[in-house]
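So the sequences go chain by chain: A and B. Read in order, the letters of the first sequence are residues 0 to 53 in numbering that gives the first Met the number 0. Read in order, the letters of the second sequence are residues 0 to 146 in numbering that gives the first Met the number 0.
Think of the hints as simulated: they come from the structure by calculation, not from any bench. Check the hints yourself; a few may be wrong.
[Stated by the list, open to error] Cβ pair distances, simulated, as ranges: (1) I81(B) / K17(A): 53 to 61 Å; (2) Q10(A) / P80(B): 41 to 49 Å; (3) Q10(A) / P82(B): 38 to 46 Å; (4) V48(A) / R102(B): 34 to 42 Å; (5) R7(A) / P80(B): 38 to 46 Å; (6) Q135(B) / Q46(A): 24 to 32 Å; (7) G21(A) / R102(B): 40 to 48 Å; (8) K112(B) / S23(A): 16 to 24 Å; (9) A137(B) / S30(A): 19 to 27 Å; (10) V5(A) / D121(B): 16 to 24 Å; (11) Q135(B) / K17(A): 30 to 38 Å; (12) K22(A) / K111(B): 39 to 47 Å; (13) K122(B) / T39(A): 32 to 40 Å.
Nothing here was measured: the structure is a model prediction, and the numbers come from that model. Yeah, the Cβ is synthetic: ideal placement off N, Cα and C, and Gly gets one too.
Letter by letter, the chains look like this.
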Amino acid sequence: MDFPKVLRPGQAGTIKVKVETGKSPGERVKSVTIKSNDPTDPSRIVQFVFDVKG
Amino acid sequence: MALRTPPLLVLNYCPMKPSTIRPCVILLALALLPACSGPPENSASSNNNAATQANSNSNQQPQAQDQAPSPTTETPLKVQPIPPPSPPANTNANIAAKTASGRLPKLVAPEKKLDFGKQPQDKTIVRAIHIKNAGQAALNIESVTPS
Numbered sequence: 000m001d002f003p004k005v006l007r008p009g010q011a012g013t014i015k016v017k018v019e020t021g022k023s024p025g026e027r028v029k030s031v032t033i034k035s036n037d038p039t040d041p042s043r044i045v046q047f048v049f050d051v052k053g
Numbered sequence: 000m001a002l003r004t005p006p007l008l009v010l011n012y013c014p015m016k017p018s019t020i021r022p023c024v025i026l027l028a029l030a031l032l033p034a035c036s037g038p039p040e041n042s043a044s045s046n047n048n049a050a051t052q053a054n055s056n057s058n059q060q061p062q063a064q065d066q067a068p069s070p071t072t073e074t075p076l077k078v079q080p081i082p083p084p085s086p087p088a089n090t091n092a093n094i095a096a097k098t099a100s101g102r103l104p105k106l107v108a109p110e111k112k113l114d115f116g117k118q119p120q121d122k123t124i125v126r127a128i129h130i131k132n133a134g135q136a137a138l139n140i141e142s143v144t145p146s
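The following block holds chain A by itself, in its conformation from the complex (with noise of 0.2 Å):
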């Protein structure tokens, strides 16, 4: 995973994934946990889908 540490106020940034698809086709379900300082939410899970072709 590639993931700036800091963000400033206001900053964005981009986290990058890297999934490795498999031999079997289907739907992939996937998820990164991000944690940080946030205190509200301070263990985020984003979830991504993707079709592997046959």
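Please arrange chain B on chain A, whose structure you already have, making use of the hints.
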């Protein structure tokens, strides 16, 4: 006449005349005045009579009882407030401190599932998840782990 003479004779035999009694009474009063004006303990200690000592002792016990609560009146107890315990150094304390300052970081990340579409088999894909700090304090990202 015979009955009236004995009282007259008695008055005549009085050993002290009024002119000599007055100074004696004054001297006696002056001598007793300091003893009467002094504290009762001194008068009791100076008295050697056993009965009066018993009375003085019986009088001293209530005095001791009266003196027992005197320390409360001499120096009143001062109640010192207990200092609050020091907050533990954990994330909750840091959150509370940041809340007190009014500046908080806020992570904005996609809430819905991200659709990466159709992907080929046996391949590594790289996608970007866009995030933003919408708060007023620096956002520190500690870790990003797959799950």
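Evaluated hints:
1. At roughly 56 Å, the beta-carbon separation of I81(B) and K17(A) lies within the given 53 to 61 Å, and the hint holds.
2. For Q10(A) paired with P80(B), a C-beta distance near 45 Å keeps the hint of 41 to 49 Å intact.
3. At roughly 41 Å, the beta carbons of Q10(A) and P82(B) sit within the given window of 38 to 46 Å.
4. At about 36 Å, the CB distance of V48(A) to R102(B) agrees with the hint of 34 to 42 Å.
5. The hinted window of 38 to 46 Å between R7(A) and P80(B) holds, with their beta carbons roughly 42 Å apart.
6. Between Q135(B) and Q46(A) the CB atoms are about 28 Å apart, so this pair conforms to the stated range of 24 to 32 Å.
7. Look at G21(A) against R102(B): about 44 Å separates their beta carbons, and that is inside 40 to 48 Å.
8. Between K112(B) and S23(A) the CB atoms are about 20 Å apart, so this pair conforms to the stated range of 16 to 24 Å.
9. Between A137(B) and S30(A) the CB atoms are about 25 Å apart, so this pair conforms to the stated range of 19 to 27 Å.
10. Judged by the Cβ atoms, the range 16 to 24 Å given for V5(A) and D121(B) is violated: they are separated by roughly 36 Å.
11. Take Q135(B) and K17(A): their Cβ atoms lie about 33 Å apart, and the range 30 to 38 Å holds.
12. The hint said 39 to 47 Å for the Cβ distance between K22(A) and K111(B), and at roughly 28 Å that hint is violated.
13. At about 37 Å, the CB distance of K122(B) to T39(A) agrees with the hint of 32 to 40 Å.
Hint compliance for this structure: hints 10 and 12 are not met, and every other hint is.
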